[in-house]
Amino acid sequence: MRIERLQIGGFGHFGQSPVGPFGPKVTILYGPNEAGKSTLLAFLRTVLFGFPRQGRAEHYPALLGGEHGGTVILLDDRGRQWSVSRRESQRGVVLDVVDPAGRHDQSGEALAALLGNATQATFENVFAFGLDELRDIKRLADDAVSAEIFNAGMGARALPGVLSRIEKQQERLFKKQGRNESGILILGALAEIERIDAELDSFAGAAESYARLTGERERLADELACAQRDSAALERERRHLENLGAAWEDWVGLGAARTRLTELPEVPGFPEDALVRIEKLEERVHNAEKAEAEARRLLEQRRTEAEGASPFEQLLDDAAEIEQLRRGRQAFDSLCEAVPNRKAEAREGEDELGRILRQLGPTWDTGRVKAFDDSTETRAAIDRWAQRLASGDREQAEAGNAFARAAEALEAAGEALSLARAAADKLRKPDADQASIARRRGEIRQARQRLTDWQRAQARREDFELQQGTRRPAPASSERRIPPWLAPAAALAGAGGAAGSALMGGSAAVIGIALGVVLLGLAAVLFAGRRAGDATAGDREGQTNAAQALRQRERDLAAEVAASAQALGVDAYDAEALVAMEAALDEAAEDLRAWEAAVAALDTASTRHSRLAALQAEAATKLQGVETAATERIAAWKAWLAARGLSEDLLPGSVGAVFAQVELARHAISELAKRTERLNKIEADIGHYSEQVRALALKHGMDLTRAGEAATADELIRRFGQATAAAARREQQVAGVGDAEKALAACEAALLAARTECSGLLHLGGCADVEEFRRVAREQEERRMEAKRARDCEERLQRVIGPGDAYDHLLLELSRSDAETIAAELARVEDAAEETRSRKDELIARHSAASSEIARLTSDDDASRLRLQREIHRGQLETWAREWCVLRVAEAVLKETQRKYERERQPDVVRNAQQYFSLITGGRYRRILAPLGTREIEVEDWDSKLKKPAQLSQGTREQLYLALRFGLVQHFAEQSVRLPVVVDDVLVNFDPDRAKRAARALVSLAETTQVVVFTCHPSTVDHFLGEDPGIPVIDISRVSLTRQLL
Amino acid sequence: MTEFRFVHAADLHLDSPFTGIQSVAPPNVHARLIEATFAAYDRTIDLCLAERVDALLVAGDIYDGADRSLKAQLRFVQGLERLDRAGIRSFVCHGNHDPLDGWQARLRFPPSCHQFGRDVAAVPLDPARPGLATVYGVSYAERDVRDNLVPQFGTGPRDGFSIGLLHCNVGNNPEHAAYSPCTVDDLRQTGIDYWALGHVHTRQVVNGRGPAVVYPGNPQGRHPLETGERGVYLVEVRADSNVNLSFHDVSVVRWESLTIDATGMVSEQELVDAADGLIADARASAEGRDLICRLTVAGRGELHERLERPNACEDLREVLNSRWTATSPFAWCERLENRVRREIDRESLRRQEDFSGDVVRLIDRAHSDPELQAALRRPLSDLLEHKRAGRLIDGERIAVGDLMADVEALCLEELL
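Quick mapping for you: the protein sequence lines, in order, are chains A and B.
Mapped onto the numbering used here, the consecutive letters of the first sequence carry residue numbers 1 to 1046.
Mapped onto the numbering used here, the consecutive letters of the second sequence carry residue numbers 1 to 416.
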């Protein structure tokens, strides 16, 4: 399959553009950078294999309009034409393939068949590639490079990664070796199953345990019943002994109580609670006696106090004056304390005023301060002066700055002018001008064209002669005998002779006419013979004519070459000479451009310098005017100050400071007056209070001079208070004497009543005094307690045993026993009961354990749970085992396929590739080696040394990759996958010799597969044309104009 | 007119674990699975009592002797004691899972129960009605009984209606081990009227009459493949010796295998919705039983890559289970298997002269090339012959040919 032509609808900056026709073998698409080579390559890939899945609209959008996409016209191996269109529309991408019979197919199946089922990846990696692809490979590590080359052909670029992933997945599931089983699923499941199996083994003896435990439980139940009977008997005995023990104390107490009752006499009618009652009455008499004594003491005290008097009672006459002293006492202290502070304040005010006046100056005093004019009008006038002076200063500064900038710019322009002049002086004016250079360039271009045409004509002529040289027959004998020019010459002579004789007339005319007729006859005979010769050597003559035409064409072109040489001023030239001329011309053009630039720069600098000099003069004039105006303004300001008695050195801003000082001085004068007045007022108040104190002290005989006014006032106030309190107390005691007398009478009556009641109680008990009454009362109380004790003992004994015969039997049994015997017997029975209880508890525990174990055996879900868990693990194990097997077989399939490839396909690829590699490198490298089972490539040089790609230079490495692709292309061609090879400037890194050889390799490859070469280098075009001048070259910068250089 | 009735059960596998489950069940499901075989047996006893049948016949594999479950045997006897108290007789024979030489607890069976021994014995169905029917039966003396036991039953004629109780494989069913293999003709020649068989877990009436040859299947499915109804047959024997069979589903947990065609689906939500619908339908069909399902997502399309992401299937299963396991009755998805494949034109791929084409062609060859199969199987020995794993993994069940579809899918997934 090969490309016939492209019809672009809209793709990048191509719109409605035909490209082609392409040659059957090599076609060159030539164009400078940005002419659209990459766009055309992308167009080809897009139409044949589709738009990218994402960003379709952005994939070389149709910038010049038209439908996005286009058509590629293809010819199949039988030369039949196919049309493949792929366009993007609103409905999406539409593929339309028209076969030679005019049938349409939009499914892509026909296209896939036409492309030999090659994938896009295969096409782009092997058939259509540019320098970028080669350089991408170059950047990879050595192993990866080799794998890339192989896998590009295999369609398994990701194979190493695939195998690695599969291996990792296997190891996640199962690993035959390795001590660490954690995280390996199958081994983990195995371990879990084995653990569960071991645990399940513990359930193996369940049935035996069940039978044994059932029998044991029955035996234990019998023993337990026996133990329970023993325990009940011992319990009854223990209770009886406990009753005896509990009754023993009561039995003893009953006997003792009865004995004591017989010893104590009984006093009938003795009052109840006698001891308590006599105690209470005695206490009552005692309390009444104490109350009567206290009432008597109080009465005496009040009578004494009612008769006393105070030593300061005379002060009560001056109560109002002393009250006034008391109220003013605290204020008096405060005033005395404040006097020093107030005096200090007054002194500070005087100092402050003096300081301010000194700051204002020696001519300033209080009077001038008060008379100073600081009115609003004066302040406004100062503000106006301040604005006027500031405005003048700014104007003066701006004028000064403008003058400085102008001077600086002028200096810089002067330096630039000097530099430009120096640069222009260095350059010599070139001899050539733009027109002569352009003319010379046209002559060189024409000379190259004529030279190429002449060389091609020469080659064609030589080919033609070479083809004709072996089969050209020897010329006929008649041709050797009769020169071809003889017949026409005879005819001309005959006709001329006849015509001349006729003009001369006479016999000579007759003879001349006769001779002319003879000569014409001879000419006719010769023509007839010549035609016969032509008829037999017609082909030969045509070939001769063609050869002559070729030679003539060659001569004409040689003359044109000579004319070009003459125009160029040389005797002869070749391609290299033209390149040298072009280089010299480029150098002259560069010199001319530099000279023109220097002259233009000098003009510009000179103009600028003149303009800046004028600007500096203007700035100087302006500055002088501004300075004069400033001098006048300052003189007027000083006159204004002098008129107000102020210093001429003051500025408007500093006048404000004088105004502020005057303000301060006025404030200090006012403050000093206030402080003096306050001090005078305090001293007057102190004097008034002292006078009051002195008057009272004198009246009541107190010594004022020794104690001072304050202490004297305090003593007067204290004495007045004491006199007032004494008078109040005396009045109160006089009123309380009557109450005390009444209280004493009541206490005496209560004492009498208590003593009477006590006597009555003694009489009731038949006793003479209190001590006897107490003794009898204690005997009667003891008797009552013993009687109660006897009753309690009897009640408890009856409660323990119960009434009737049992009670009597108990009393009898108690009378025959003793406490020690009962306690010993009880201890014996309790020990026996404890022993029986322990035995019973043990039996119960064993019975319960057996029952629990039986219940566990019959209902425990542990084994069931474990078995289920085991099956779950086993299910997982089987799943994982199958997954592992799938991975393992997949790995085996991939490796087997890999081996098959390496065994059956790779040798062809490598063999083909090494032929190309040897051709490109001129035999320097003879072999390419790809050891089986490895992913490496090695090359063998002419000296039988093996090298890896990394050891090759960049260019040679690219040549190796190019050769490998050629090998793959040839391999695919043998598999009936013949796709055009499209290369995009892949020879640029090759030296000229290897570039020529690479071009030769591509021309050779084109014998089996169409080759399309994109390039922007004329030298690349020359390399291919050098191999085959008939190769069509399409200038893609003018894709609408197809030209073929023949 | 009905002469008598009995319930025919088999393959109780009491307390045997559910097999083939591949994920850990939540606690309520776990507890249900442990109890399920007992519950199904209890429902069988309930059926006998409710229908007041004359007898219960159990045709072997009552429990798995290898499990040594005392609980299974006790619960079995307890069920028989319930029948005994109701005056219902029981007849039991043992099969390959509970042979006579296997582990058995020393338990007292009720007097109305007859356990058949290693030799064929004939026992009247009802001693009170001699001549009504006779039960003939035999138990496996050992696990591996590969001989045909049917000839031991002798040939007719027989008094009254005759019932044969046997654990065997009729017609060499390849899905079950060939224990006591026999044919329908073998059974016919004995002159027995009704063959109450066990061993095949899927219910099956092998022969309708003359004689009736019946497998009731197991009363509780215990494996993802034991789907659908599971139970026992209630057999009515009429006076003319014709039998009428009615199947009773006594299982408490229903297994179902559900498949979703994900072709055309583009999101996980669509898949979840479809799965919800399927599970809801299956749960409704289970008639109040708990449901355990295995979900297979098949077809081709976009979902393939989404489900291939790590834990994607497990996450989806969790989503489904979070909805369904808390319900009553519950539905639990024990596995969600991704069988969705990418859209691949295999035929086109096979024609390609590149590595992928070579892979497809090699896989095609592996289906018919024994040598290639052997070569591909060789690397599996690391696992299948592993001293620990080899004990538990049945290597014979892993055939290279069965793996190739998954192998191809994996290779092409990775390569393309």
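Among these hints, one or two may not hold up.
In the EDC-like style, the derived pairs of lysine to aspartate or glutamate whose C-alpha atoms are separated by at most 16 Å in a straight line are [said to hold, decoys possible]:
id : chain 1 : residue 1 : chain 2 : residue 2
1  : A       : Lys175    : B       : Glu414
2  : A       : Lys168    : B       : Glu414
3  : B       : Lys387    : A       : Glu194
4  : A       : Lys175    : B       : Asp382
From the structure, some residues in chain A lie toward chain B, with a derived Cβ separation under 8 Å [claimed, not checked]:
id : residue
5  : Glu192
6  : Ile193
7  : Pro311
8  : Gln314
9  : Leu316
Calculated from the structure, these hints are not laboratory results.
These numbers come from a predicted model, not from an experiment.
For glycine and all other residues, C-beta sits at the position ideal for the given N, C-alpha and C.
Evaluation of the provided hints:
no.: 1; hint: A/Lys175 - B/Glu414; in the structure: 22 Å, violated
no.: 2; hint: A/Lys168 - B/Glu414; in the structure: 14 Å, holds
no.: 3; hint: B/Lys387 - A/Glu194; in the structure: 13 Å, holds
no.: 4; hint: A/Lys175 - B/Asp382; in the structure: 9 Å, holds
no.: 5; hint: Glu192; in the structure: 11 Å, violated
no.: 6; hint: Ile193; in the structure: 6 Å, holds
no.: 7; hint: Pro311; in the structure: 107 Å, violated
no.: 8; hint: Gln314; in the structure: 110 Å, violated
no.: 9; hint: Leu316; in the structure: 104 Å, violated
Violation of the numbered hints given earlier is confined to hints 1, 5, 7, 8 and 9; the remaining hints are satisfied by the structure.
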